[in-house]
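Residue numbers (our numbering), protein chains in the order written: chain H, 1 to 131; chain L, 1 to 312.
Hints were generated in silico from the structure; no laboratory data involved.
Keep in mind it's a predicted model, so treat the numbers as computed, not measured.
Any given hint might turn out to be false.
To be verified - Here are a few chain L residues that face chain H, going by a calculated C-beta distance under 8 Å: (1) His13; (2) Ile20; (3) Asn25; (4) Ser84; (5) Ser102; (6) Ile109.
Stated by the list, open to error - Non-contacting residues of chain L with respect to chain H, defined by C-beta distances greater than 12 Å in every case (computed): (7) Thr41; (8) Gly42; (9) Glu203; (10) Ile220; (11) Glu227; (12) Lys239; (13) Glu265; (14) Ile267; (15) Arg268; (16) Pro299.
Heads up, the beta-carbon is just placed ideally off N, CA and C, and yes, glycines get one too.
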Amino acid sequence: MVKKIRVLVAKPGLDGHDRGAKIVARALRDAGMEVVYTGLHQTAQQIVTTAMQEDVDVVGLSLLSGAHMTLFVDVAELLKEKHMQDVLIIGGGIIPQEDVPRLKKAGISEVFGPGTPVEDIVSYIKKNVKR
Amino acid sequence: MTNLAPKIISGDHRSIARLISLVENDDPDAVETMKQIHRHTGMATVIGVTGVMGSGKSSLIFELAVAFRAEEKKVGIIAIDPTSPFSGGALLGDRIRMTELSTDEGVFIRSMGTRGMMGGLTSALYDVVEILDAAGMDIILIETVGVGQDEVDIVKIADTTLVVLIPGLGDSVQTIKAGLMEIADIFVVNKADKPGIEQTIAELESMLDLQSSLDRRIPIVATSAKEKKGIPQLTNKIKEHQTYLKTSKTFEQRRRQRYEAELIEIIRKRLMEFIFDEKKLKSTVDCCIEQISKKELDPYTAADQILGKILK
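Required output: the full structure, derived from the provided sequences and hints.
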């Protein structure tokens with residue numbers, strides 16, 4: 001039996017910058033994970049439906065537009081609504097430090113800002129994946 | 001482990017997704033459910049889409065799915081991307097082209113890595129097709145990896161195989177080596193908005209002229225997923241092929257071929273599990289290696305002895 005960690009890397013909202021998301025996606029792939037990449041401009045609904053169909057263990061959200069307080073929280077709430085609390089949610093992008101506690105309260109387990117070594121993200125996922 | 005069969009048959013997406021993960025992971029928990037759903041399968045039309053890298057397979061599948069949805073058919077999509085033989089990881093990006101379908105309740109999309117399987121498929125694919133079939137999908141579209149020219153295993157699963165080409169690959173028909181050429185039920189020349197389309201079609205036609213032995217001439221359809229052209233023609237050709245299969249009795253033959261391949265795959269997996277059950281075999285192998293290095297035994301005799309123990 002070979003269990004692989006499956007991760008959805010998603011870009012919610014109106015934000016066309018996905019270099020960071022792609023670098024993270026690649027790093028996770030190189031760490032032996034299966035990474036589903038959604039492409040740009042996803043709604044919270046699309047992200048959650050994709051997470052469900054792909055049966056991922058982790059949802060990684062990347063946002064640089066400033067709308068994280070709405071969109072990250074929407075995704076977390078929708079996942080909860082679908083009884084998918086066993087999915088680990090992490091975020092990244094341009095997220096001000098003062099927003100992080102509120103995001104964590106909403107269900108985003110960790111937030112990784114610019115300059116985070118990708119190894120940190122890999123080991124965080126391996127350590128915290130919930131199933 | 002709860003039995004997922006009733007929920008699979010009722011078409012519950014969450015359960016479909018869970019069961020697919022279980023079969024992908026070779027989880028023994030999946031076996032009971034797989035046994036039970038088999039008699040609820042056989043209704044879905046399975047369409048394989050293969051072809052060279054960058055030929056627009058994902059976009060074409062998206063357009064086909066939209067067309068089948070317009071006929072109120074339920075559509076399952078399996079998109080396969082390569083697993084790295086080095087890290088074991090995979091980047092699955094085919095959904096990027098299918099975003100608009102992701103919230104349609106009548107569509108279920110699953111991305112899969114090849115996980116070490118050759119031939120452009122993945123070993124759990126037979127199971128995944130059974131699952132989507134039992135869950136009531138009318139159409140199952142399978143996108144193969146699309147790297148090389150020998151992705152021919154798709155014919156073991158698909159009722160109808162589309163081979164996708166694009167114009168402007170130089171002497172493009174030269175790129176269709178024997179294998180890929182022989183598996184097409186329909187040729188699709190995609191990106192028909194690009195220059196060189198007439199030439200590519202002409203080359204294909206002249207190649208087909210040489211295959212007089214077939215009782216059915218393989219149709220060629222020019223499509224442009226970008227300009228949304230040729231899709232109705234393609235769905236018509238797919239339906240014609242389905243009718244052909246059923247009238248020529250080829251359908252039964254193809255289904256038997258699929259079950260044969262599936263059965264062999266299950267046996268292969270079970271045997272591999274058994275052979276590589278370290279607890280059972282480690283000591284035997286270790287013992288032989290000791291003797292081989294001391295020249296008391298040669299590797300061939302050792303292999304025969306070990307196999308003898310397994311097959312006993």
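Worksheet item: Taking the minimum C-beta separation from Arg268 of chain L to chain H, is that value above 12 Å?
Response: Consistent with the label, Arg268 of chain L stays out of reach of chain H, its closest Cβ about 15 Å off (over 12 Å).
Worksheet item: Minimum Cβ distance from Ile109 of chain L to chain H below 8 Å?
Response: Holds, because the Cβ-Cβ distance from Ile109 of chain L to chain H comes to roughly 6 Å (cut-off 8 Å).
Worksheet item: Was Gly42 of chain L rightly flagged as not at the interface, with every chain H Cβ beyond 12 Å?
Response: holds, 23 Å
Worksheet entry | Satisfaction of the Ser84 of chain L interface hint, Cβ to chain H closer than 8 Å | holds, 7 Å
Item to complete: Would you assess whether Glu203 of chain L, listed as outside the interface, keeps its beta-carbon beyond 12 Å of every beta-carbon in chain H?
Response: At roughly 34 Å from the nearest Cβ of chain H, Glu203 of chain L sits farther out than 12 Å, so the non-interface label holds.
Discussion item. Interface hint check: Ser102 of chain L, Cβ to nearest Cβ on chain H, cutoff 8 Å. Holds or violated?
Written reply: holds, 5 Å
Item to complete: Examine each Cβ of chain H, and state whether all of them lie more than 12 Å from the Cβ of Ile220 of chain L.
Response: At about 31 Å from chain H, Ile220 of chain L clears the 12 Å cut-off, so the statement holds.
Discussion item. Would the non-interface assignment of Glu265 of chain L survive a Cβ cutoff of 12 Å against chain H?
Written reply: holds, 16 Å
Worksheet item: With d taken as the least Cβ-Cβ distance between Lys239 of chain L and chain H, does d exceed 12 Å?
Response: Holds, since 27 Å exceeds 12 Å.
Worksheet entry | Least C-beta distance between Thr41 of chain L and chain H, which was stated to exceed 12 Å | holds, 20 Å
Fill in: Verdict on Ile267 of chain L as a residue remote from chain H, using beta-carbon distances over 12 Å
Label holds. Min Cβ-Cβ 18 Å, cutoff 12 Å.
Discussion item. Can you verify the interface hint for Ile20 of chain L: is its Cβ closer than 8 Å to any Cβ in chain H?
Written reply: Because about 7 Å separates Ile20 of chain L from the closest Cβ in chain H, which is inside the 8 Å limit, the hint holds.
Going down the numbered hints, you'll see the structure goes against none, and every one checks out.
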